[in-house]
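Each chain is listed here by its residues.
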Amino acid sequence: MASGTVDETVETTPSERHNDGEDLEKSNSGVRYILTQIHKDTSATIGLYVILFVVAVAVFASIDYYIFDYAFAERFLYHPERDAAGGQRLLPPVGMESIYGPGVIEHPLGTDHRGRDIFTRMIYGTRIAITAGFAATSIGLVGGTVIGAVSGYYGGKVDDLLQRFTEALYAIPFLVLIIAFMTAFGRDVTYAMVGVGIVSIPVFNRLIRSRVVSVREKEYIAAAKVAGAKDYQVILYHIIPNSFSPVLVQATLQIGVSILIIAGLSFLGFGAQPPTPSWGQMLAESRDYMLPAPMYSVWPGLAILITVFAFNLLGDGLQDALDPRIEN
Amino acid sequence: MSLRGGFPVSLIRYVGSRIIQSVPVLFIIVLVTFLLTNQIPGDPVSIFLSPGASPELIAEVQARYGLDRPLHERFIAYLFGVVQGDLGYSIHYGMPVTEKIIERLPITVFLTTCAFAFAIAISVPLGVISAKRRNKPTDHISRIVSLIGVSTPSFWIGLLLIIIFSFYLGLFPATGLVLPWADPETVRGAETRLDILRLSIHHAILPTIALGTLQMAQITRIERSSMVESLREDYVLLARAYGFPERTILRKHAFRAAQLPVLTIIGLGLSTALGGAVLIETVFEINGMGRLIIQAINNQDYELVMGTTIVFGVTYVVGVIVTDVLYAYVDPRVQYGGEE
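Quick mapping for you: the protein sequence lines, in order, are chains B and F. Using this note's numbering, read the first sequence as starting at 977 and increasing by one per residue. Using this note's numbering, read the second sequence as starting at 3 and increasing by one per residue.
It is worth saying that the hints were derived from the structure and are not from the lab. Errors might be hidden in some of the hints.
[As the list claims (entries may be wrong)] Keeping only pairs whose Cα atoms sit at most 30 Å apart, straight-line, the calculated DSS-like set for lysine-lysine is:
(1) Lys138/F x Lys254/F
(2) Lys1133/B x Lys1194/B
(3) Lys1016/B x Lys134/F
(4) Lys1016/B x Lys138/F
Just need the whole structure built from these sequences, with the hints factored in.
The following block contains the structure:
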């Protein structure tokens, strides 16, 4: 949990007030409501557009990787046949000069220790960061929602047992827990996603549980029960949709956190294995060349910072926009 | 009840009950670590036997390390060892795991403590100022800075600090850490206690900033929102109505009540910071617990991996108990069992 948690004491959110009593006409108007709220907040809007841009880059990189086998990259980003530097190693960015020579326009951000174009590798690193961020958060979201909803809805012993166990599991600092988990199962980025997903379960668990406990006694839940709804239907169709906005805020922030953790893991060698480029792994490789090629260490970190910052900007903006108690 | 007159008996009892409560947690830490390590592919025996070893030899080594016994028996044996402080034997270092950890743990604890001291020293005043000047330029700047702080990877900050302050400016060393209580005879370039202290500060500054920035940003954000809320409370309004000077209101009325959420976030941040220590120790090549666990994994030294993971968990649990006790100390409403 590197970012702030959502205030859990929010009594009613606009989307809930919308739904209270009348049943679910949520999804469409809910999304539209959220979008208009985002547009009112400048920083959230900036965050949203930066995220859309980064996601677009990731989609481009994935399509190129899976379908065209880097054909686009070679055509548009980097032209080996026209490369004046001829894959020279550790070139500085354009406009700078180092002991390895001046920067060349074919490599706008310079080259790495094997003469590979840093800019192109960064574009392909986006793929790992975005996929891993979204996948890990989805795992945490689903797991946390299920555990939190069951635990909050039934209360009593089930609640005690589930909460104690999750609490105990997270007594191991999460990065160490993920490292132990990946040592046991595998070092690849897939396990990193699963590991980060598992450690983000308690974030959503706590959030959903507190929402469920506060919503449980509402009249429309009683009404649904009287109407013959089963427990799982009550949870699935009434309680979860009504916790939508705080969960959305937390999920946005959590994607940023996941990207940070996954970058840290790749930095330690637990994540995308070479030659697949990822930002964390690029930073790890740059460590050996900090003295002759300092800018090599700057770019991938900047990419992480901008991406995570955008998610935090959007998450913060959403929180302000969806929380009626804050008047700014 | 007032706690201002020192530590009363009930507080000691509270600490005791917190320790007892953490026993199941510690049990689960050991269980999870044991199961995970047991899941590691590859036979531990094969690490120290040549591929052509005879089946008898393999069986003998397995029996010596108890690997021929069923899982639950091995777990119980391991658990008994852990309770007695025996975490097994490190194949790579050729010494008991406990000894190795005792050597490394103080470094990580020192680094984490420095990081929190740095974070709190900067974030608390920053958060208070930000709350006081809400929606003014100072507040906006502090909010953006703290948002950038929570978005920046700590290890990248470490790399940048090394490039700027070690390589270009040559102000601080890029690697290593010296403990302030180290023996002058064991440290190169130090003769007196003063030298040690100087070296220690010199080495600690960059890793402290790298590890502490995230916590600083986090605490600033919480401190700000907590103070904003606290300044809106009725008792603050009342104090204003009585005409107390704004400084007094800020210090005596609003501040203390606003520190509870901050303590909570520090407790949670401890997990992040201990994990972050793994990264920062790698960046600065500091021989603490974090680097130890990575080296143990790379050396396939599994008893050491188990031991370090468990000790990381225990360190966190102890840290949380300390914050809980502080919480009880700050918040007189916390009832720690027993009589009022």
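Outcome of the hint check:
{"no.": "1", "hint": "Lys138/F x Lys254/F", "verdict": "holds, 24 Å"}
{"no.": "2", "hint": "Lys1133/B x Lys1194/B", "verdict": "holds, 22 Å"}
{"no.": "3", "hint": "Lys1016/B x Lys134/F", "verdict": "holds, 25 Å"}
{"no.": "4", "hint": "Lys1016/B x Lys138/F", "verdict": "holds, 20 Å"}
In summary, this structure violates none of the numbered hints.
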